[in-house]
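Student: What follows is the residue order along each chain.
Number of protein chains: 2
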Amino acid sequence: MRLATLRDGTKDGRLVVVSPDGQACAPAPVRTLQEAMERWDELAPQLAAATNFPDPLDPAQIIAPLPRAWQWLDGSAFASHGELMDKALGIEPIKTDKPLMYQGTSDRFYGPTEDVRFPSEDLGIDFEGEFGVIVDAVPMATPAADCMKHIRLVVQINDWSLRKLAGPEMKTGFGWVQAKPPCAMAPFAVTPDELGDQWRNGRVCADLLVDWNGQRFGAANGEAMGFGFHELVAHACATRDLVAGTVIGSGTVSNANYREIGSSCIAERRGIELVDHGEPQTGFMHYGDSVRMQGTLADGHAPFGVIEQKVVKA
Amino acid sequence: MRLATLRDGTKDGRLVVVSPDGQACAPAPVRTLQEAMERWDELAPQLAAATNFPDPLDPAQIIAPLPRAWQWLDGSAFASHGELMDKALGIEPIKTDKPLMYQGTSDRFYGPTEDVRFPSEDLGIDFEGEFGVIVDAVPMATPAADCMKHIRLVVQINDWSLRKLAGPEMKTGFGWVQAKPPCAMAPFAVTPDELGDQWRNGRVCADLLVDWNGQRFGAANGEAMGFGFHELVAHACATRDLVAGTVIGSGTVSNANYREIGSSCIAERRGIELVDHGEPQTGFMHYGDSVRMQGTLADGHAPFGVIEQKVVKA
Numbered sequence: 001m002r003l004a005t006l007r008d009g010t011k012d013g014r015l016v017v018v019s020p021d022g023q024a025c026a027p028a029p030v031r032t033l034q035e036a037m038e039r040w041d042e043l044a045p046q047l048a049a050a051t052n053f054p055d056p057l058d059p060a061q062i063i064a065p066l067p068r069a070w071q072w073l074d075g076s077a078f079a080s081h082g083e084l085m086d087k088a089l090g091i092e093p094i095k096t097d098k099p100l101m102y103q104g105t106s107d108r109f110y111g112p113t114e115d116v117r118f119p120s121e122d123l124g125i126d127f128e129g130e131f132g133v134i135v136d137a138v139p140m141a142t143p144a145a146d147c148m149k150h151i152r153l154v155v156q157i158n159d160w161s162l163r164k165l166a167g168p169e170m171k172t173g174f175g176w177v178q179a180k181p182p183c184a185m186a187p188f189a190v191t192p193d194e195l196g197d198q199w200r201n202g203r204v205c206a207d208l209l210v211d212w213n214g215q216r217f218g219a220a221n222g223e224a225m226g227f228g229f230h231e232l233v234a235h236a237c238a239t240r241d242l243v244a245g246t247v248i249g250s251g252t253v254s255n256a257n258y259r260e261i262g263s264s265c266i267a268e269r270r271g272i273e274l275v276d277h278g279e280p281q282t283g284f285m286h287y288g289d290s291v292r293m294q295g296t297l298a299d300g301h302a303p304f305g306v307i308e309q310k311v312v313k314a
Numbered sequence: 001m002r003l004a005t006l007r008d009g010t011k012d013g014r015l016v017v018v019s020p021d022g023q024a025c026a027p028a029p030v031r032t033l034q035e036a037m038e039r040w041d042e043l044a045p046q047l048a049a050a051t052n053f054p055d056p057l058d059p060a061q062i063i064a065p066l067p068r069a070w071q072w073l074d075g076s077a078f079a080s081h082g083e084l085m086d087k088a089l090g091i092e093p094i095k096t097d098k099p100l101m102y103q104g105t106s107d108r109f110y111g112p113t114e115d116v117r118f119p120s121e122d123l124g125i126d127f128e129g130e131f132g133v134i135v136d137a138v139p140m141a142t143p144a145a146d147c148m149k150h151i152r153l154v155v156q157i158n159d160w161s162l163r164k165l166a167g168p169e170m171k172t173g174f175g176w177v178q179a180k181p182p183c184a185m186a187p188f189a190v191t192p193d194e195l196g197d198q199w200r201n202g203r204v205c206a207d208l209l210v211d212w213n214g215q216r217f218g219a220a221n222g223e224a225m226g227f228g229f230h231e232l233v234a235h236a237c238a239t240r241d242l243v244a245g246t247v248i249g250s251g252t253v254s255n256a257n258y259r260e261i262g263s264s265c266i267a268e269r270r271g272i273e274l275v276d277h278g279e280p281q282t283g284f285m286h287y288g289d290s291v292r293m294q295g296t297l298a299d300g301h302a303p304f305g306v307i308e309q310k311v312v313k314a
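The listed protein sequences derive, respectively, from chains F and Y.
For the record, in the first sequence the residue sitting at position 115 is 115 according to our numbering, with numbers rising by one throughout.
For the record, in the second sequence the residue sitting at position 41 is 41 according to our numbering, with numbers rising by one throughout.
Chain F on its own, in the form it takes in the complex (with noise of 0.2 Å):
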């Protein structure tokens, strides 16, 4: 089952369930996606009965799937993103065993073609293609195992990032604030069935291809998690219950043979750069850039449809 919402004035949009070929789309029996995670044992069989698309899915009409949501928690799961990003920030290696996570603004996700504005371009403007899931309501110390059962659908995030004010945030040790303004969402929030044997372990066995400026710059498969999405809930709910609607992300989509399939961020390719020239040669993104991000199955089929955005002034 795959599920987008359209535009319709309201700040959560309309729900509805797309056909299998991505062009055609049913009313869903319920307004908003939030109300279909808060009711989601109820709802998703007469969400998943559709069979019949009467309508034409028009592109211009897709907002985020979830517009905006009650949390956001973004991991940072791929080892090999970690390693370029201590280097790129010039920070110390991160001592844990435990996932890493931060809590992002939740209040507002970009649509999948919507540009994101900032008020300079001197910030380090910088995308990060990620993959996420959308829980239905987790009680507090839920074990791991259990989480997985929770996890009610995958999408796929752009999480904008401004690196020149990273590396001094992360410094105070409070998180990032200013260096992480919303994120976007791709097209469609689909049912793990959907990814067939690409879903594996709580994680998305899927390539995300990421160009900018219409040039390929990163092939990152997301098998690579160092922790499965169902262990990043876990830690999200140790010491909180999260609400239906919550969405955990899994960080950067990084793979350790980065020389040969790229990156899924600018700053990650200027850290194999400082390794390897004792310089970042690539600058970050300008005003009129644009970014393009598809999670690719082996088959070739995109499941998530297509996150593409330029940067515009503020």
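Worth flagging that the hints you see were computed from the coordinates, not collected in a lab.
Just so you know, not all the hints are guaranteed correct.
Derived list of chain F stretches under chain Y, where covered just means 3 residues or more per stretch with a C-beta under 8 Å from a C-beta of chain Y [what the hints assert, rightly or not]:
1. 21-30
2. 86-99
3. 103-114
4. 231-240
Quick list of in silico lysine-lysine cross-link-like pairs, DSS-like style, CA-CA up to 30 Å [to be verified]:
5. Y:K149 <-> F:K95
6. F:K87 <-> Y:K149
7. Y:K149 <-> Y:K98
Some chain F residues close to chain Y (C-beta under 8 Å, calculated; not the full set) [to be verified]:
8. A137
9. A141
10. K171
11. V177
Where a beta carbon is used, it is the ideal one built from N, C-alpha and C, also for glycine.
Fit chain Y to the known structure of chain F by using the hints.
Tutor: Frame of chain F; chain Y shown alone:
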């Protein structure tokens, strides 16, 4: 004007206007405080016009004035608190000329008398007495001077903290997830004019009386903030729009003469003990412990009402 929210079976409750003596209330012309924040210019005059308070105000029905918010960004604006926390948590002193701020969980705020549940007594359970503000919509990159007018309401907050998790999370640079479960809010959200001349320079210049198990623990004054709330709002909105109803916290209220007036959290007292005796002597909270917090003006009036919560097993 003082506003409260009453339990009505929904997550956002029902907004009421509170009488000057705090004993009665009038229905609001809008259902929730979130909606009032979104339409503040239009609704504030109607809310302020209430002169007839027909309904008795039952304290047992009062929940947090804003029971959930789209964003909760908490500062740490009291220098003496920061210095003691560096010692208590065993971290290097933080070097920055910007406000310290983290993004916390905002999908629920406990009501003023709601029990707070934790999965273990061994996590270093601690209260943190704070003041906070609620803003209407603040556009990205609004300068501090212009942020003042977006501060529509002032609140009092108990920022529950789990200290044994806090130091390790800080050291990752990602900020706090497990160490910062949901906060509580005092009964009344008040317009700044309710504080008279004790609202100055974007600061709540009131004493925060904190009692732990019935014993006075602290009476620090909110005037000592190193940054005013308008400056905290400007920090928060530097690279993002702030949605109406965003809550911004002061961080633990703390004064340099802490040996005389005490502290608004246990960790700070432990920091003092570490300095004075080489090791902390005061333990953290246990199941069954209670904490009471009351922001108090010079004339003895408590505009926010009282937080009084008990710690229980999850």
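Student: Evaluate each hint against the coordinates.
Tutor: Right, here's what the structure says about each hint:
1. 21-30: With 0 residues close enough to chain Y, the hint is violated.
2. 86-99: holds (count 5)
3. 103-114: This one holds; 6 residues, not fewer than the three required, reach chain Y with a Cβ under 8 Å.
4. 231-240: holds (count 5)
5. Y:K149 <-> F:K95: Outside the cut-off at roughly 43 Å; violated.
6. F:K87 <-> Y:K149: violated (42 Å)
7. Y:K149 <-> Y:K98: Holds: K149 (chain Y) and K98 (chain Y) sit about 21 Å apart, inside 30 Å.
8. A137: With a closest approach of 11 Å, the A137 (chain F) hint is violated.
9. A141: For A141 (chain F), the interface hint holds, since the closest Cβ of chain Y sits about 4 Å away, which is under 8 Å.
10. K171: holds (7 Å)
11. V177: holds (5 Å)
Consistency note: the structure conflicts with the earlier hints numbered 1, 5, 6, 8.
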